[in-house]
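First to last, the sequence lines map onto chains A and B. Counting in my numbering, the first sequence runs from 3 upward without gaps. Counting in my numbering, the second sequence runs from 35 upward without gaps.
It is possible that some hints are incorrect.
Claimed, not checked - Listed next, the stretches of chain B that the computed footprint assigns to chain A, with coverage defined by at least 3 CB atoms under 8 Å from CB atoms of chain A:
| hint | segment |
| --- | --- |
| 1 | 58-64 |
| 2 | 82-88 |
| 3 | 103-117 |
| 4 | 163-169 |
What the hints contain is simulated information worked out from the structure, not anything from laboratory work. Source: prediction; values computed, not measured. Positions of the beta carbon are idealized from the N, C-alpha and C atoms, including for glycine.
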Amino acid sequence: MLLGVLLAIALGLIAVSYTGGSSSVVRSLRTTAGSVFGGLERAASAVTGSGSSGQVAALQRQVIQLRSELSQARLSRSDYAQLRRLLQLAGKGGYRIEAANVIAIGQGGQQTVTVDAGRADGIRPQETVIDGQGLVGEVISVSAQTATVQLGTDSGTVVGVRLAPSGDVGWVTGQGPGGSGPGLLRLQVLNTSARLSQGEQLVTTASVNDRPYVPGVPVGVISKVVTNGAGLTPVALVRPYADYATLAVVGIVVARPHHNPRYSVLPPSPSARPTPTVTVTVTPGASPGATPTLTPGG
Amino acid sequence: VRRVILSAVLVIIAVAFQLTLANRLALPGGGQPDLVLLVVIGLALSGGPAAGALTGFAAGLCLDLAPPGSPLLGEYALVLCLIGYGCGLLRPVVGRPARVGPVLLACGIIAAAAGEALAAALTMALSPGSVSLAAARQLLPAAVLADAVAGVVVLPLVVLAARLADGPVPVPDAAKPTPAAIRERQQASAEGAVARPGGKPRRGPRLRGSHVPGDGWIGRAQQSGAVPAPRAPGGAPWLRAGSRASWIGAEAAAAGSAGAPRRSVPPVRLRLGRGRPGGPVPPPRPARRAALPRISFSAASTGRTGLGRARPLTPSAGHAGGLPVSGRLRRPRGAALRGGYAGGSAQRSASASGEQAGGFAASGQAHRTRPALARAGRPVRLRSRRRDGLVGGGPPPPGRRVFRRPATPRFRARLRRRRRPGSYRGGAVARLRMSRRPWMPRWVGRLRRDRASGWRGTRQTGGS
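With the rest of the complex left out, here is chain B (with noise of 0.2 Å):
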């Protein structure tokens, strides 16, 4: 909400003083400065794509309909929303929460360059004749620079407004590792986390349910809870979107120690879809199929859950991944989790029978700890729909070819079709997206709900 706000102010002051004072400028060779290109720049290097592209139509309407405006509307916000949406794109290689510095400003300049040309091009096609071919050659060149000097003094402050709106990155465990969390990492790394090459902890992957506060998490245990009983092995995953405390992929230090002291549960590394070269180590390849790595996770049976139906706890579904319960995998009914790794202990899974079947089944169950909230019994099957990586896999097996190339996996969490009339839509699909949506307000989280699933994770991986 911070950051919905952020952007708001800055995108009307941008506006405002676009249209009152930078255009204003008589600079050396006519170029002007495009504050509220900058502004949206900054902000989706900072916020993603989709939070770019909205901010960017946003602020190119504005600009649109703020008097003098444009004669055709909506022309600066077809330009800022592309552009916006492709500064987004580029969030990574800033990196994230954004650094300073020319890394920034480079993918900024870029940026801008391109949104000149785009609008000066739009503005050809559409009222042709208002700019001539040689009046924009001309101009382009000096626009760019005008922006370039000062994108140098905008980027910045932008990029900056927006970490602090951002808040702190709540990642305590790996921003300072404690000795127990370093030797936990180091267990769950020998269990099949991935681990990053350089050996600098990062922040830990997860795959989180973000937005619905009720939402589990793929990849990360309940730092509260208590490290949760491993369960008969061969049950399916339960991926249980809205449920408080089901997750995929906790941690897999705990694996062995059942019995052990509560201690709050570092993250597992978990890692979701292909690495960036020069990352973490890349996922493998499946054996079998061409096509790549799919992971879907299946509800184990409907038949056990109801809705709205507080069911006891029973640690009926484990993991699905955190907990190496089981070296043996299993194909759970219905769609069967094929090509990828499910859980943080797949490494060692994966010899076992994970290559006959193209890949691996959750390793783990997912586990409930607490009757689940209104949401319970909702059946979510996850879907990859393609490039999908890794969840919580571990290092590629030896021999095995590697992919270099980044690739950003898709995930959708799909409502599991139900005969029982009344229950909740079936068939409903929800996205999994990798990226998180801060700029996305609770209660749209709310509405969102019966589509279930609002389940996200953050990029990378981590571990040392």
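Extracted from the complex, chain A is given alone in its bound form (with noise of 0.2 Å):
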């Protein structure tokens, strides 16, 4: 009898999430469990020490007046470090970030994590979320102290980007957990006479508005060509730059760049750079003590 009475009203809580996912009854009670159980996660992230929310919220305020105080802050060093790079990372593309904390991760199927900055930082729904590397993924609901993240690798996601020499358009998806090779995204390109290569470069394309993604965020890089051309559209796995496995410090882009980035805000491609290739050059008429000449190309 009880169990019933439970199960109808766990069925009708999906029903009703299912069909309209923004009615107001489910999203007061998020609302409500996001205030409650944000300042508990807060508390608990807090204690189990994998993230310094107290700290973030002073360190921004150093970021905004002096970079330099940075190291003054009491970061634990990978914190440290990850900020750095997430503002080297932001001032190349000249975004504006509110820089969070992951303070919980979710549960099952979805991949979303909680960050410790919310209404009051300033962050809205449907804004780009980055890392050090690149791109994390898309705010998709924000409370007054969290904000909940949607993960690039979420089956949900899909991000359209610009592939880094050849400017060809496509989108990657997400491939939920323990897909075909974890973490990877899978890339697909609109032009279908194009060739993807391995060690091609990603980054994101503008959305409309900048919305939820602004332009220019690397994205990853292509790890393997799945089916390349002769009229299929090319599909390829992309290894994503952020490391979704360590995510701690990450940045919101509250405000979108003045100029697209394009690909600046890339790091220096594997395969741009020049290969050096060794040519040995004898000269046959030369003295036997004569030394071969080293002659860089490429």
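Dock chain to chain to rebuild the complex, using the hints, since each chain is given by itself in its own frame.
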């Protein structure tokens, strides 16, 4: 009897959130729970030491004022390194970011995390989330003190991208937990005649009004080409720049850049770098004691 | 109440640590321990199906709501509710109070595996594409393994905490049998109370009005009460919910000694339902009816009682079961007792006339030693729904076929409909449960009062 009632409630909730995801009851429930559990998670996260929520607020002030004072903040070394990289990336792209800590990680199939910055920090839904290496995801919901970020690896995420050298346009989708190759994204390119090659880099293209994704954020690098050309949509697997396993400090882009940074934020491409080839030239008529000339080429 | 607080605290801690810590763990294989699932399993194994279902539902809802939350509200509530209910059903396996040991761990790990599988299946069914089948097949064993490892630590802690919250089991008689108690028990056993074959004294089973303190009970005499006087045979049993001093199935040993000096009356071993394999003696099958044995007590007469009217102390209605007042059986008026034993002395009665009736009526009468309280005069009819067994019956008569399958007896106490307007709501149905519901606060019981008779019994038999 009791079980029946409870099951009916659970199924009803599922049905309500399945059909109209933005029902007011569900939303208010979520908002309330978000403020309650968000605080709890902030506290628990501070206790478990995986993040340093209190310090980030102080840090943000310092970041705005004086970047050099960062080192004085009592950040853990890795958090500091991540934050520094984040600021470098944001500086290169001209993004204005709000730094935040990841305080909770979603349960089950969907790939979401909670960060400790919310509406009070000026975060709004559909904003881009980056870390020191590249694109992390998109803000999908915001409570007063926390925000929920849908990661790029979630199967519901679709990001419009541009390939770095060729300029081909396509999109990447996440593959959920434990897809083919852990943490890889799936790239599809619009241009059927495009030739994909391993090592090509991807940046985000501008979304409409730069929401949810601002342009120019590094996404990843092609690690494996699945199908290529021949009338089919070229498909490749992409290794994201962001390390989803050790997310700690992320930045939420609260203001879009004034101009499209295009490829300027990308790390130096391994393929674009000139590979030194060694040419050994031996002149037949030279004296035996002559040293061979090394000529770097390529 | 302590149990509710404990459950709430454990669940909230589990949810917080699950989202902040456990999901962050990068274990080989990609599995992450599900602390919430383990806590729900532990609480359900020591709390029963209803508590388990409720705890699971609440925990799942917390997990759904807490940021980042799940896209579909109610997903985990559904899974954990089912798992909690299932684990509650497993409670007899782990014992009560739950024993920490390999059985508990095995139950917990099996349940955890079932929970992970259910969650994965539900995710795949509700949001197709978010988890591929291959990924689930790859992640599931890792998750179960992580659960097993974490469960070794978490489950015993939860179960021990639940045991602490429940407090000591209040059965002094069974726990420390005095020589007198043993003698009485032996006598009771001879009178028809069920003895456990192993001879190990166990907790006396009681059908007890549980959540309302004034409730009467079945199967156990009041500790401080006088030995009730026997009454003339033939009366129908009174089962009264809420009257302080009525009971059914009181001490059988007190039978022949109505004038005996007052003493604390040890519990009668009452049995409801069938025994478990290897457990106590199973009840006999009724002779005539192919149906499962049923018990119903009906009030003897409604005319004699009135709502709220305190009645003088009359032994008008004696025990059902306790006192072997008479060897005679009688079908009470109204819905008679059919096909079941009532009363500790039913064994003796059985030979008299019970078999013709396909069972036995109560062998004694409900007894009232005090004016009933506010709920006086509510005749309650106890009716089994199905698969009911003995109330205070004896070992099966020789040559009878016995059931080996365990069954959960369910009782229903039904208020007898009365014509008098305004007296109370007639026809309300109250459930009798075999399990205690310790998590239910007392005021809930009060709310349910007008539905009368939250009778409940504990499991198992005792005796030595």
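These are the hints, each one checked on the structure:
For a cut-off of 8 Å, the count of residues in the segment 58-64 of chain B with a CB near a CB of chain A stands at 3, and the three-residue condition holds. Residue count for the segment 82-88 of chain B with a Cβ under 8 Å from a Cβ of chain A: 4. That meets the three needed, and the coverage hint holds. Only when three residues or more bring their CB closer than 8 Å to a CB of chain A does the claim for the segment 103-117 of chain B stand; here the count is 12, and the claim holds. Closer than 8 Å: that is the beta-carbon criterion, and the segment 163-169 of chain B has 6 residues meeting it against chain A, so the requirement of 3 holds.
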